[in-house]
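Student: So the number in the numbering used here is just where the residue sits in the sequence shown, counting from 1, plus 158.
Note that these hints are calculated values from the structure, not bench results. All residues carry an ideal CB built from backbone N, CA and C; glycine is no exception. Please note that a few of the clues may not be correct.
Derived CB-CB ranges, DEER-like [claimed, not checked]:
hint	residue 1	residue 2	range
1	ILE246	PRO266	45 to 51 angstroms
2	THR312	ASP210	50 to 56 angstroms
3	TYR256	ILE206	25 to 31 angstroms
4	ARG222	GLU273	44 to 50 angstroms
5	LEU286	GLY259	27 to 33 angstroms
As a list, the in silico EDC-like pairs of lysine to aspartate or glutamate whose alpha-carbon atoms are at most 20 angstroms apart [to be verified]:
hint	residue 1	residue 2
6	LYS322	ASP210
7	LYS321	ASP210
8	LYS293	GLU273
9	LYS289	ASP314
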Amino acid sequence: MNVSRVGVRALQQGAKPNVFFSQNLPRAAMAAKATTTIQTRPASTNKITETDGHSILAAQRRQRPISPHLQVYDPAQTWFGGSIWNRITGGAFSGGLYVFGAAYLAAPLFGWHIESASMAAAFGSLPLAIKGSLKFLMAWPFAFHGINSMRHLTWDTAKGFSKKSVQSGGYAILGASVVSALGLVLFM
Numbered sequence: 159m160n161v162s163r164v165g166v167r168a169l170q171q172g173a174k175p176n177v178f179f180s181q182n183l184p185r186a187a188m189a190a191k192a193t194t195t196i197q198t199r200p201a202s203t204n205k206i207t208e209t210d211g212h213s214i215l216a217a218q219r220r221q222r223p224i225s226p227h228l229q230v231y232d233p234a235q236t237w238f239g240g241s242i243w244n245r246i247t248g249g250a251f252s253g254g255l256y257v258f259g260a261a262y263l264a265a266p267l268f269g270w271h272i273e274s275a276s277m278a279a280a281f282g283s284l285p286l287a288i289k290g291s292l293k294f295l296m297a298w299p300f301a302f303h304g305i306n307s308m309r310h311l312t313w314d315t316a317k318g319f320s321k322k323s324v325q326s327g328g329y330a331i332l333g334a335s336v337v338s339a340l341g342l343v344l345f346m
């Protein structure tokens, strides 16, 4: 509040009438109006049928540019490059969280036992190969999403957009995420 008062007071004290603008500006505006001419053409309207109107609209729509589809882009940069997989893994984690949260809330109504102790006992009774596979299926998207998110943060600084760096970075992230996921599986 005080800052605005100080600003208004400074403007009031500093504002002095300028003789040039107060006398010559209206003359310049009048001279500009006198020299410019506005051309108008009358609008013509024709009555057309509804089917003719739809055909005209369809012809106009065919002339409009369309957005490119993902098939236009190089798959090594979009699909295999990690941008789409980052969205898929993030969506899977978000969707999984919502599904598990809803199931956890509905479990008492249906008699399901999905509390921590029963989940740990059920997982512990599985064979070793299935345990490792399930761990890897959970660890790889987690590792990939985490590592590839760092790449997207680097892209936000407008670095690393050359074709070679996009492709080599995609393979490096894929390899690093597999190694990280295997590490998480073996150490958990």
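Student: Given the hint of 27 to 33 angstroms, check if LEU286 and GLY259 actually sit that far apart at their C-beta atoms.
Tutor: holds (30 angstroms)
Student: Is it true that the C-beta distance of THR312 to ASP210 lies inside 50 to 56 angstroms, as the hint says?
Tutor: Holds - the Cβ-Cβ distance for THR312 and ASP210, about 55 angstroms, lies within 50 to 56 angstroms.
Student: Can you confirm whether the C-alpha distance between LYS322 and ASP210 stays at or below 20 angstroms?
Tutor: Violated: LYS322 and ASP210 sit about 52 angstroms apart, past 20 angstroms.
Student: Is the gap between the beta carbons of ARG222 and GLU273 within 44 to 50 angstroms?
Tutor: The hinted range 44 to 50 angstroms is violated for ARG222 and GLU273, with Cβ atoms some 56 angstroms apart.
Student: Taking only the CA atoms, is the gap from LYS289 to ASP314 under or equal to 20 angstroms?
Tutor: violated (38 angstroms)
Student: Does GLU273 lie within 20 angstroms of LYS293 when you go C-alpha to C-alpha?
Tutor: Status holds; Cα separation ~19 angstroms.
Student: Would you say the C-beta atoms of TYR256 and ILE206 sit inside 25 to 31 angstroms of each other?
Tutor: For ILE206 against TYR256, whose Cβ atoms are near 51 angstroms apart, the range 25 to 31 angstroms is violated.
Student: Is it true that the C-beta distance of ILE246 to PRO266 lies inside 45 to 51 angstroms, as the hint says?
Tutor: Hint violated: Cβ distance 32 angstroms, outside 45 to 51 angstroms.
Student: LYS321 and ASP210 were given as a pair; does the straight-line alpha-carbon distance stay at or below 20 angstroms?
Tutor: violated (48 angstroms)
In summary, the structure is inconsistent with hints 1, 3, 4, 6, 7 and 9 from the numbered list given earlier, while agreeing with the others.
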